[in-house]
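Protein chains in written order, with UniProt numbering: chain A, 1 to 293; chain B, 1 to 293; chain C, 1 to 293; chain D, 1 to 293.
Everything labelled a hint here was simulated from the structure, so no lab data went into it.
It cannot be assumed that every hint is accurate.
The list treats identical chains as one, so a pair stands whether inside a single copy or across any two.
Heads up, simulated DSS-like pairs for lysine-lysine below, C-alpha to C-alpha not over 27 Å straight-line [as the list claims (entries may be wrong)]:
| id | residue 1 | residue 2 |
| --- | --- | --- |
| 1 | Lys-252 | Lys-210 |
| 2 | Lys-146 | Lys-210 |
| 3 | Lys-146 | Lys-269 |
| 4 | Lys-146 | Lys-252 |
| 5 | Lys-269 | Lys-105 |
| 6 | Lys-178 | Lys-210 |
| 7 | Lys-42 | Lys-235 |
| 8 | Lys-178 | Lys-273 |
| 9 | Lys-273 | Lys-42 |
| 10 | Lys-273 | Lys-235 |
| 11 | Lys-273 | Lys-210 |
| 12 | Lys-235 | Lys-210 |
| 13 | Lys-42 | Lys-210 |
| 14 | Lys-146 | Lys-273 |
| 15 | Lys-252 | Lys-235 |
Here the structure is a predicted model, which is why all the values come from computation and not from measurement.
Number of protein chains: 4
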Amino acid sequence: MLDLNNLSVAIMGGDAREIVLAEYLSNAGAIVNTFGLPAQGKNIVPYRDPRECILGVDALILPVPGVNEQMRLHAAYLEQPLIITRDLMELLPRGTPVFVGLARKPLRELASEIGLELVELMRLDEVAILNAIPSAEGALQMAMEKMPITIHGCNALVVGFGRTGQTLAQLLLAMNAKTTVIARNPAQQARAIAMGALTADFAELVNCSKNVDVVFNTVPALVIDQNILSRLPAKTLIIDLASAPGGTDFDKARELGIEAVLAPGLPGKVAPKTAGMILARVVPRELVQRVMK
Amino acid sequence: MLDLNNLSVAIMGGDAREIVLAEYLSNAGAIVNTFGLPAQGKNIVPYRDPRECILGVDALILPVPGVNEQMRLHAAYLEQPLIITRDLMELLPRGTPVFVGLARKPLRELASEIGLELVELMRLDEVAILNAIPSAEGALQMAMEKMPITIHGCNALVVGFGRTGQTLAQLLLAMNAKTTVIARNPAQQARAIAMGALTADFAELVNCSKNVDVVFNTVPALVIDQNILSRLPAKTLIIDLASAPGGTDFDKARELGIEAVLAPGLPGKVAPKTAGMILARVVPRELVQRVMK
Amino acid sequence: MLDLNNLSVAIMGGDAREIVLAEYLSNAGAIVNTFGLPAQGKNIVPYRDPRECILGVDALILPVPGVNEQMRLHAAYLEQPLIITRDLMELLPRGTPVFVGLARKPLRELASEIGLELVELMRLDEVAILNAIPSAEGALQMAMEKMPITIHGCNALVVGFGRTGQTLAQLLLAMNAKTTVIARNPAQQARAIAMGALTADFAELVNCSKNVDVVFNTVPALVIDQNILSRLPAKTLIIDLASAPGGTDFDKARELGIEAVLAPGLPGKVAPKTAGMILARVVPRELVQRVMK
Amino acid sequence: MLDLNNLSVAIMGGDAREIVLAEYLSNAGAIVNTFGLPAQGKNIVPYRDPRECILGVDALILPVPGVNEQMRLHAAYLEQPLIITRDLMELLPRGTPVFVGLARKPLRELASEIGLELVELMRLDEVAILNAIPSAEGALQMAMEKMPITIHGCNALVVGFGRTGQTLAQLLLAMNAKTTVIARNPAQQARAIAMGALTADFAELVNCSKNVDVVFNTVPALVIDQNILSRLPAKTLIIDLASAPGGTDFDKARELGIEAVLAPGLPGKVAPKTAGMILARVVPRELVQRVMK
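Using the sequences plus the hints, can you model the full thing?
In structure tokens form, the structure reads like this:
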């Protein structure tokens, strides 16, 4: 555990993940100001005024989903919504690091204008790979809940072979699902073969669509389109893990009676404590790199 | 697929599993009379009168849960409950095989008095082993739904190492849970070690109870008792797969704030189609052995 | 570690396995007399006279292969062969436990006549299951050495599904071999299916024989006979793990140009230290049960 | 299978891998001229004169190890060594593709001067990933041959987490070795954690060195140096898979009595047929891309 003594951070809003993070940072010695987050610990100081919360801190930690397009803070435990204003952010000195999962345009622009250093945690390879574990388990859980058959022995298609696709394919294979990976390039296909999966490229996806029980899409582009959907058995389940709006033609699926579910942001939903521990693994190191010079 | 031409069976009551079975038998050539089961197929003949349904058949198939202590038929699709009477059963000639999952005392006595051959499918090793797959997946699904952490990396205890315990331990290990198997005899422990699990015997269960995230009990005797419960962290989840009343002191668990769930009969609940396919794998062979001489 | 203080044993002959065992017993506090075994430790006392070695001990430990039909002791480190005579054994009081892997008829008869308690360690389920691990790895190593292809992706047949068959099938599946298990009864087949293997019964073995790369036999009866051999591709490798004379028609195989190897007793050959540790896991408990009353 | 009709290639020298490749290309319809390679097939034409062999071909295929620093051709089946001269190569028209595993400087310079298109197959991600499978199995086989213990339960260190490191770690974990991956960056460590491995970075390598049974190095730089070696138990086995001269201080290891083996080029040695099939998977596509316009 890195020693974070003499360091002070503010965590604003958030959900169960940020509680885990706040408690971890506090245990590591940091002073943790919170706003709208019921975390508890010896160095955790809750504030009712957002301005007081961030005054004088070395870094600001926003929740993983950050703020929406209207700059409203994601805050599961806050009754009154809070808008993150320019005035508020200007309380932070130039160069202060602001951690967030992913930032939308308004936040990015504001940070850049004021001269704050935005750190988007979900863009770190390490975080993305570790988050693929709860994502894959969450996708699996949904498939288990919705299918009348076991994962063992089912015909599963994993579309895309990035971080989530890799971890998901490995999990399905470990559970003895007959798993076919649809991957774009030969190197990804080779990696899938090494894992023990069957493989095909996107041109062959159409032919893989007969006898499928479940399709897991991880590609953020319209790949499960009308053409593919029309080949799938009606009983097929589609779980789309790509970020909204997903890679499935959901209207067409509904029309054909195929159940298709968009399931982004699974880590925070299915395993918030694990998702929080992933933040707690990364944030201290990134903090120290930026704050303690 | 065995050829079941010239064979006629009655399926009374049942749920999604018996639909799969009825359709399989019909596809294999058997005439399938049904009562209270919306199965469809060319050789499936639905009856509204239970007496007509079983008249002249070579075998009677009751649903997996059979009939309750009051001889009421398990029938998910039947609005009016049906009591299986002696009169009804006497329509079957002596020696007729009657298939059921497990039979309670009243059914067993009735069959014995009338001279029917009761075949309890769940007592077949093959069925028990295959059913362990959906049981294990169902237990896993419940754990995923109820825990705020991933299976990957969690500390799991599997108590008992019979069919369900073995399949469950294998699944947990495949998903990278830190898995400890509590088994009675050295041979079972050796088998668990071969799988890659940690092991302990029941005397050591107390010491294994610190730092546990989830306990899966498969032993149908009071093993998760007050003594064990008092050592478990409050956040522990207990999933008890043993047949009712399970192997957990549920009252004590509630008192200690430990979540404990009794989860028997998972295959029919979480994967009815797979559970039906398991019946369809076994019943034709058992039928032919008994009926076609 | 069980406390073996005040206990004295003699280990006669043996190989690398008995060295591991001797050192373990010595570390546990026992006095260990040895004859023809270069083990070293504070409580290990080497003898040059077999009579002195066993005089006054609480138990005698013979090596895993014991003595041959002529009562010659298995002793890898002994230059002069030693015959275990009646005179020698009669130095042990009636009821003294004599440990051995497996006993042939002459030893069994002698022990019975003198009234010694023969303990055949290889007959313990626990030992057999644990020994299946080095056996399976040894079989795999031989296959790797002899095949020009990888285990990954090869077509493997595992004939028989006892302890070695189960562990071997699991290992092959873990390495992504396409694995078919030939098992006699439906319960064994169900267990193989649960593992993710393909299955067939012995009647279907003939049909499974096309396209096979490697056959692992574990059945101690002539199952890989002329009929099966004639269907196998010439390039097939047969590794026969059944105890001598194995389950393969080796003459016919040679005639057909199929490489077939009899490979019994692998644990002691490929992983003597692990095999010794397995003895060290079991012998102390069995000793204490018999000697310390 | 791609159709290679109307295509003509020369394969010069080579070993068992190139035999597989030659036969595959011939089956796909290509005319395959060979020199010093006993491959057989309807379109395979053996030549005794290297000049005649390459005259008029669309592409030249050199063996995986190519030619050495003195331009001598790698040719397992050739009694008289052949030097690849400028004169010989100039028989190929400018722009002709020349396939080779990896090219040393002299070959690279010659090709560049004459204007031939050198294609180094081992630099293709796909080939490197697929070759990692036989490499990992070969490394495992060596470990099995040299260790007196099973892989199951042994303490293994995998140093480096590129393609070979990843596949090797996965294999070790599948075989239930206690596996620690030493990886440089957090993203690689995250991937190793997702697999179920323990991880450490290079700074911690020293601390991981106690209790190790086997070290697999895949890093082509001196990482297993004097400092690390001095912490390893004497019984440790080191298998160095990095390209020559490896990443181990072999002199120091010998001095300390630690067995260390340099094992480069495993695919061609332990699984030549699989290695040949990997070539056969890639070469046709690369050929067609370059030759058929």
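Against the structure, the hints come out as follows:
1. Lys-252 / Lys-210: Within one copy, since 18 Å is at most 27 Å while 45 Å is not.
2. Lys-146 / Lys-210: within (19 Å within a copy, 34 Å between copies)
3. Lys-146 / Lys-269: So Lys-146 and Lys-269 pass the 27 Å test inside a copy (17 Å) and across (11 Å) alike.
4. Lys-146 / Lys-252: So Lys-146 and Lys-252 pass the 27 Å test inside one copy only (20 Å; across, 33 Å).
5. Lys-269 / Lys-105: within (24 Å within a copy, 46 Å between copies)
6. Lys-178 / Lys-210: both (13 Å within a copy, 23 Å between copies)
7. Lys-42 / Lys-235: Cα proximity of Lys-42 and Lys-235: across copies only (21 Å, versus 53 Å in one copy).
8. Lys-178 / Lys-273: between (31 Å within a copy, 17 Å between copies)
9. Lys-273 / Lys-42: Intra 20 Å, inter 52 Å, cutoff 27 Å: intra-copy only.
10. Lys-273 / Lys-235: So Lys-273 and Lys-235 pass the 27 Å test across copies only (12 Å; inside, 34 Å).
11. Lys-273 / Lys-210: Close across copies (19 Å), not inside one copy (38 Å); limit 27 Å.
12. Lys-235 / Lys-210: Within. Shortest intra-copy distance 11 Å satisfies the 27 Å Cα cut-off; inter-copy 35 Å does not.
13. Lys-42 / Lys-210: between (58 Å within a copy, 25 Å between copies)
14. Lys-146 / Lys-273: Intra 24 Å, inter 12 Å, cutoff 27 Å: intra and inter.
15. Lys-252 / Lys-235: within (15 Å within a copy, 44 Å between copies)
Hint check: no violations occur; every hint is consistent with the structure.
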